[in-house]
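Protein chains: 2
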Amino acid sequence: MKLIKTPTKGMNDYLPSEVALREYVKGVIVKEYSAAGFRLIETPAVEHIENLTGKNGGDNEKLIFRIMKRGEELERAAESGGELCDSGLRYDLTVPLSRYYSNNSAKLPSPFMAMQIGNVWRADRPQKGRFRQFTQCDIDILGDASKTAEISLISATGGVLKKLGFNNFTVRINDRRLLKLTAEKCGFAPEDHDRVFIILDKMDKIGLDGVKNELLEAGFDSESVEKYITVYTDCGNTTCSDFAASVGGEAESVAAGLSAIMKAASAATVGGCSLKFDPTLVRGMSYYTGTIFEIEMDGYGYSVGGGGRYDEMLGKFSGQNVPACGFSLGFERIVGALADSGFTVPMSGKSYAFLAEKNIDDETLLSMYSDAAALRAEGCTVTVTSKMKNFGFQKSKLEDEGVSEFRVYGENGVKIL
Amino acid sequence: MKLIKTPTKGMNDYLPSEVALREYVKGVIVKEYSAAGFRLIETPAVEHIENLTGKNGGDNEKLIFRIMKRGEELERAAESGGELCDSGLRYDLTVPLSRYYSNNSAKLPSPFMAMQIGNVWRADRPQKGRFRQFTQCDIDILGDASKTAEISLISATGGVLKKLGFNNFTVRINDRRLLKLTAEKCGFAPEDHDRVFIILDKMDKIGLDGVKNELLEAGFDSESVEKYITVYTDCGNTTCSDFAASVGGEAESVAAGLSAIMKAASAATVGGCSLKFDPTLVRGMSYYTGTIFEIEMDGYGYSVGGGGRYDEMLGKFSGQNVPACGFSLGFERIVGALADSGFTVPMSGKSYAFLAEKNIDDETLLSMYSDAAALRAEGCTVTVTSKMKNFGFQKSKLEDEGVSEFRVYGENGVKIL
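One line per chain: the protein sequences are A and B, in this order. For the record, in the first sequence the residue sitting at position 220 is 220 according to our numbering, with numbers rising by one throughout. For the record, in the second sequence the residue sitting at position 343 is 343 according to our numbering, with numbers rising by one throughout.
Isolated chain A (complex conformation) (with noise of 0.2 Å):
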């Protein structure tokens, strides 16, 4: 029986200029965010279905590998009808960081900045640079409830960015407790508030009128959305202290340290980072507890990372609340941009490819080798291989991975073509 060529459904191949590619933009964001302090960390792909399927992941827990058990752990189950799975993979880099913190935190820095690279699982239906298996890239600040750790996430990832040879991007910014605070002042009660949100993420879609339409479709009271809308009316240009005016109250402290952070991020980032504040930002996961900010890039319209402050996640691992707040970069997303704009990875020395005729005499194959050899260690790159029949197809492959001097060795000696 023949087996199966292509990958599993959604997943990919990458040819070694995609590999290239990838692992360039990964070697600029360890190394940057290395230099901010940030500590790489790795975790298991498999995690247990327990802590996938507690309510941390949103939708994302429908999309869910499950691993099957094994042995007699299985036989018991399939008798008894139980549950066949244990595990799963999973499907973003925030459920295992927590984990991995109340596992290790004895043996980490506190704060503990963490960087991960990663690659992530979702059974989503295949689309345009929609993977089933994706690179996640997450920088996290645990055990720090000060705005510094803001400032750092955002200073260093607009530093990425701007290595990356990415000027034209905006950080939006929010903070779950101005939503709250203004959902609240228009009297929408507090188990309400979820589902206004998600109404209110759609401005950008189906704008004020169609967010006002929404509300009192989904049955809220038509007074209270009145005054919503009314407080998000042109709300696009406002500054964060004006904003928080119209809300009144506490409003206004949390808008004092958006501010601030703002300010410091954007001075903290070299080359500068331009934020602006977006009242209308909500950011889909329901476990963001204050600060939310999200990567706007000019002429994408998506964003290219986003996070936020997550103060109680930590809690369901260890029972006890860590303030944490983390920033993910979007990958893939990046990566696609580099490769549309024509990027060509640096090389970093000549490339040189050396074929051996089937004639080859000890010899000459001693000394091809040692050619080799001696160019490797001033910081070439030396393909040794097999001259084949259709040398033409050879050399024209050969070059589009860079290849830029062919030698033939045989039996008389060595040809540079």
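Don't read these hints as lab results, they were simulated from the structure. One or more hints might be untrue.
Any copy, or any two copies together, can satisfy a pair, since identical chains are not distinguished.
As the list claims (entries may be wrong) - Keeping only pairs whose Cα atoms sit at most 27 Å apart, straight-line, the calculated DSSO-like set for lysine-lysine is:
1. Lys350 <-> Lys26
2. Lys69 <-> Lys31
3. Lys316 <-> Lys162
4. Lys415 <-> Lys263
5. Lys128 <-> Lys358
6. Lys316 <-> Lys389
7. Lys128 <-> Lys107
8. Lys350 <-> Lys107
9. Lys212 <-> Lys202
10. Lys389 <-> Lys107
11. Lys202 <-> Lys55
12. Lys316 <-> Lys227
13. Lys9 <-> Lys62
14. Lys31 <-> Lys5
With chain A's structure known, arrange chain B on it following the hints.
Then chain B, alone, in the frame of chain A:
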């Protein structure tokens, strides 16, 4: 409900210092193999269950983490009592590579020199140094039937080990065809060869007498066993031409090829490489068709890598055989050996921690970040974070992470500690 803090059974959380060592080793491997012309590729962690159970994985096929179907497909399968699983986590990098090459060969150079570093999963019984998720590191040359493939694989791998500081290793080498010709000459039927080799493979554990007894116990013809044992008597230091002479026939041309590979691979490795013919070397996987090799490290009772030629595997995907030869480096064992030796990862620059007091004013906050940016531009690492109440503990943990200078920023400006 509290979530589960520990990783899933047999899998690891890696601390920052552990990740630093792993990343250092990966960096050396990728740099050396790249200079030798190997191109990094990437395949998904998830493979079709048909490919994983196609008899190319030997005993590893018993250790598959199986992934369940989803949605309607799962419901249909459950109702009809059908197969609940459609895919699984890869247990090695050879099956995915074979699928990858069959799927992408038109876009790749020929011969193609592939490099892979990735995680694989096996539901093995966890024990010291053996994990259920671990990193494999493979190089393979596809489409080259000549001995250049073996020489390039062995010399490049020898070069990686030398760069990592290992000098105490030997590459043991043999050829599956020699094993077969020897067994044939002694009268074992071809269909019995694999069972005979599994017993021969135990030579280093049970000795020649042990091999003899097991062969007899397995019911093989005593005359064949006697002949077989005679061939392998005192074979510990035999040359491959002497061994082949005792077998005769085709064995002599196979041995001539092996000798040439050994001579050239040793000369082609920068700093030299010790190679040793070992007629009892078998290698577990039955897909090998020619040269096989294994790296032995003095002071360690296990191999730190191995591989060989498998010319008939790729045909199972494409219907067309492609000559193939690969070398798998024991990444986890190399990392373990370096950790045991007390190796420390070289730091790239001085590491600072800038700590913000609670009472820091906005101006000092900004100067803290601009001071940090200036030092980072010089190649230093600067961790910017909040100063904690338990400063002594915080300082000692940061020192563990390599921080050598501390500055505290507060309302009275900066203090260097």
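Each hint tested on the structure:
Proximity of Lys350 and Lys26 under a CA criterion of 27 Å is satisfied in both settings, with 23 Å inside one chain copy and 22 Å between copies. For a Cα distance limit of 27 Å, the shortest separation of Lys69 from Lys31 qualifies neither inside one copy, at 39 Å, nor across copies, at 39 Å. In the homo-oligomer, the alpha carbons of Lys316 and Lys162 never lie at most 27 Å apart, since the shortest distance is 36 Å inside one protomer and 47 Å across protomers. For a Cα distance limit of 27 Å, the shortest separation of Lys415 from Lys263 across copies, 24 Å, qualifies, whereas the shortest one inside one copy, 63 Å, does not.
In this assembly of identical chains, the alpha carbons of Lys128 and Lys358 never lie at most 27 Å apart, being 45 Å within a copy and 47 Å across copies at closest. In this homomeric assembly, Lys316 and Lys389 come within 27 Å of each other (Cα to Cα) only across copies, at 24 Å, whereas the closest approach inside a single copy is 63 Å. Proximity of Lys128 to Lys107 under the C-alpha cut-off of 27 Å is restricted to the inter-copy arrangement: shortest distance 21 Å between copies versus 42 Å within a copy. Taking the closest pair of Cα atoms, Lys350 and Lys107 come within 27 Å of each other only across two copies (22 Å); inside a single copy the shortest separation is 44 Å, beyond that limit.
Taking the shortest Cα distances, Lys212 and Lys202 sit within 27 Å of each other inside one copy (11 Å), while across copies they are farther apart (77 Å). With identical chains, the CA atoms of Lys389 and Lys107 are at most 27 Å apart between copies only, with a shortest distance of 18 Å across copies and 59 Å within one. For a Cα distance limit of 27 Å, the shortest separation of Lys202 from Lys55 inside one copy, 23 Å, qualifies, whereas the shortest one across copies, 51 Å, does not. For a Cα distance limit of 27 Å, the shortest separation of Lys316 from Lys227 qualifies neither inside one copy, at 36 Å, nor across copies, at 68 Å.
In this homomeric assembly, Lys9 and Lys62 come within 27 Å of each other (Cα to Cα) both inside a single copy, at 17 Å, and across copies, at 24 Å. For the identical chains of this complex, Lys31 and Lys5 are neighbours neither inside a copy (36 Å) nor across copies (30 Å), given an alpha-carbon limit of 27 Å.
The structure is inconsistent with the numbered hints 2, 3, 5, 12, 14, although it conforms to all the rest.
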